[in-house]
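*Asks:* The residues making up each chain are set out below.
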Amino acid sequence: MAERLAGFGLVVGVGDLGVGKQPDAQIVTYALGSCIGVCAFDPVTRVGGMLHFMLPQPAEGSSDGIERPALYASTGLPLLFRRLQEAGALRERCIVCAAGGAEIVGAAGAFAIGKRNRTILRKLCWKDGTALAAEDVGDDFARTLVLSLVDGAVKVRSHGAERVLWQPGMPTRPAPTATRMPTLEGT
Amino acid sequence: MNCKILIVDDSPLLRATARRAVLQAGVPVTQVREAANGREALDALAQSPADVVLLDVNMPVMDGFEFVEAKAKDRNLAATKVVLVTTEGNRQRLQRMTELGVTHYLRKPFEPEDLRTLVAALLAGGGA
Amino acid sequence: MSRSAVGEQLLELAQQALERMAFLIADPVDRAPVDVLPETRHAARVAIRGGAEASWLVVAVSDTFATDVAAGLLGCDAAELVGDSHGEAAVAELANVFGGQLLMALGGDRLPLRLGLPEPLSDSDAARLVLGAEWSGVLAGERGSLVLACGLG
Numbered sequence: 042m043a044e045r046l047a048g049f050g051l052v053v054g055v056g057d058l059g060v061g062k063q064p065d066a067q068i069v070t071y072a073l074g075s076c077i078g079v080c081a082f083d084p085v086t087r088v089g090g091m092l093h094f095m096l097p098q099p100a101e102g103s104s105d106g107i108e109r110p111a112l113y114a115s116t117g118l119p120l121l122f123r124r125l126q127e128a129g130a131l132r133e134r135c136i137v138c139a140a141g142g143a144e145i146v147g148a149a150g151a152f153a154i155g156k157r158n159r160t161i162l163r164k165l166c167w168k169d170g171t172a173l174a175a176e177d178v179g180d181d182f183a184r185t186l187v188l189s190l191v192d193g194a195v196k197v198r199s200h201g202a203e204r205v206l207w208q209p210g211m212p213t214r215p216a217p218t219a220t221r222m223p224t225l226e227g228t
Numbered sequence: 004m005n006c007k008i009l010i011v012d013d014s015p016l017l018r019a020t021a022r023r024a025v026l027q028a029g030v031p032v033t034q035v036r037e038a039a040n041g042r043e044a045l046d047a048l049a050q051s052p053a054d055v056v057l058l059d060v061n062m063p064v065m066d067g068f069e070f071v072e073a074k075a076k077d078r079n080l081a082a083t084k085v086v087l088v089t090t091e092g093n094r095q096r097l098q099r100m101t102e103l104g105v106t107h108y109l110r111k112p113f114e115p116e117d118l119r120t121l122v123a124a125l126l127a128g129g130g131a
Numbered sequence: 002m003s004r005s006a007v008g009e010q011l012l013e014l015a016q017q018a019l020e021r022m023a024f025l026i027a028d029p030v031d032r033a034p035v036d037v038l039p040e041t042r043h044a045a046r047v048a049i050r051g052g053a054e055a056s057w058l059v060v061a062v063s064d065t066f067a068t069d070v071a072a073g074l075l076g077c078d079a080a081e082l083v084g085d086s087h088g089e090a091a092v093a094e095l096a097n098v099f100g101g102q103l104l105m106a107l108g109g110d111r112l113p114l115r116l117g118l119p120e121p122l123s124d125s126d127a128a129r130l131v132l133g134a135e136w137s138g139v140l141a142g143e144r145g146s147l148v149l150a151c152g153l154g
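Protein chains in written order, with the working numbering: chain A, 42 to 228; chain B, 4 to 131; chain C, 2 to 154.
Careful, some of the hints might be misleading.
[What the hints assert, rightly or not] Between beta-carbon pairs, the in silico distance windows are:
1) C:PRO29 with A:GLY50: 40 to 50 Å
2) B:SER51 with C:ARG144: 27 to 37 Å
3) A:VAL55 with B:ASP46: 53 to 63 Å
4) C:GLY84 with A:GLY50: 44 to 54 Å
5) A:GLN126 with C:PRO29: 38 to 48 Å
6) A:VAL85 with B:ASP117: 45 to 55 Å
7) B:PRO15 with C:ASP28: 25 to 35 Å
8) C:ALA79 with A:ALA153: 49 to 59 Å
9) B:THR33 with A:MET211: 48 to 58 Å
10) A:SER103 with B:ASP117: 30 to 40 Å
[What the hints assert, rightly or not] Over 12 Å on every C-beta distance to chain B, these chain A residues come out as not near it, computed from the model:
11) LEU51
12) GLY54
13) SER104
14) LYS156
15) CYS166
16) LYS196
17) ARG198
18) HIS200
19) GLY201
20) ARG204
21) VAL205
22) PRO215
23) ALA216
24) PRO217
Hints were generated in silico from the structure; no laboratory data involved.
Even glycine gets a Cβ: it sits at the ideal position worked out from N, Cα and C.
Construct all of the structure, not just a fragment, from the sequences and the given hints.
*Replies:* Take a look at the structure:
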């Protein structure tokens with residue numbers, strides 16, 4: 042089914058990133074299987090960007106991290122934030138979401154690339170203090186990630202359906218997982 | 004953000020991890036202190052109160068359970084919130100901790116970002 | 002649950018713990034723990050008391066594995082960690098966390114079991130305990146290895 046993007050549409054390919062600030066634009070990336078799409082949006086300057094990384098980090102000794110930085114989480118994520126800042130975004134204001142990292146049957150599944158990508162993303166976010174506002178990761182199906190530069194709304198498409206991952210009015214920082222003291226049951 | 008945090012754990016590595024989480028949650032570095040066991044924690048609180056204590060249980064000298072019991076008897080510490088960050092999972096011991104005023108609990112192994120999120124929520128007056 | 006089933010469960014829990022806390026993916030490898038021990042640099046033991054007989058757990062890690070655990074927890078690059086203290090601290094905390102998991106696998110949520118404090122082990126003591134363990138296994142990270150062994154009371 043053909044996709045029609047409202048207004049200007051920026052499509053981010055595998056191992057690529059894109060940043061934009063056209064007010065009626067969308068940024069989209071497709072085929073997030075074991076790959077992870079990370080999008081970030083500054084609600085004040087309305088600058089937004091998206092990264093579609095495929096692997097956690099370049100092989101030791103390889104120059105891939107320099108030649109193709111967006112292919113990897115370890116080089117792509119810092120690059121995404123650098124490009125956002127160059128375009129006028131303030132890092133601390135950015136609302137960051139992620140989707141993908143599925144366990145896909147086949148070669149990628151054999152190497153658990155989805156899990157490795159999810160783990161490296163968590164690691165990098167812990168390292169640089171990024172808190173994801175929302176994420177839709179894991180499971181075993183592919184996803185499409187869409188970021189609207191109108192208001193920063195983020196949508197995820199999978200199984201022919203679309204759901205809102207984040208939109209204005211939702212928290213920009215994650216809520217804590219249930220950590221109230223457990224109580225005894227049945228005593 | 005005027006919130007004082009006391010990190011109590013016998014592991015210097017876990018204290019440093021918790022410190023990172025607390026600073027990333029927005030607490031100024033000057034408001035964060037550390038203690039290596041329950042006795043040191045009580046001494047630190049006697050000198051200057053804290054708003055939140057991140058407390059391990061399994062520690063030498065005075066463990067977290069003994070600390071919570073001592074804290075419950077001290078009216079000066081009534082307003083201090085205690086968050087357990089621990090391997091402890093025994094329901095009766097945790098129930099006793101609840102009766103002694105502990106409200107939050109993060110079980111090891113925890114995701115460091117969860118500790119950051121929890122501290123941020125507590126500072127904002129929330130928490131799960 | 003059989004003793005070997007407890008051991009296998011413990012290995013899986015250890016994998017999950019490393020991933021959760023230290024962002025470290027480690028997989029079981031088919032190597033004899035006693036063959037891996039000479040590669041390890043830091044070891045710790047923790048006891049579980051309160052059952053009919055005491056249970057115990059030993060963790061031994063290579064230098065690079067310990068560094069990667071510490072770097073994960075601290076949110077820094079491994080190259081930024083110098084000195085030895087982080088290795089000792091890392092293995093002690095791993096013994097504490099895995100010990101807590103073993104305690105729960107033995108029914109610690111409802112039984113009055115208590116976890117002891119982690120104690121550092123010499124190479125020879127670690128080898129003796131691993132050799133005599135009822136169950137032992139090896140996890141391999143991207144860099145380095147971890148030996149896990151337990152005695153069940």
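*Asks:* Tell me, in ascending order, the numbers of any earlier hints that this structure violates.
*Replies:* When the structure is compared with the hints, numbers 2, 6, 8, 9, 15, 22, 23, 24 turn out to be violated.
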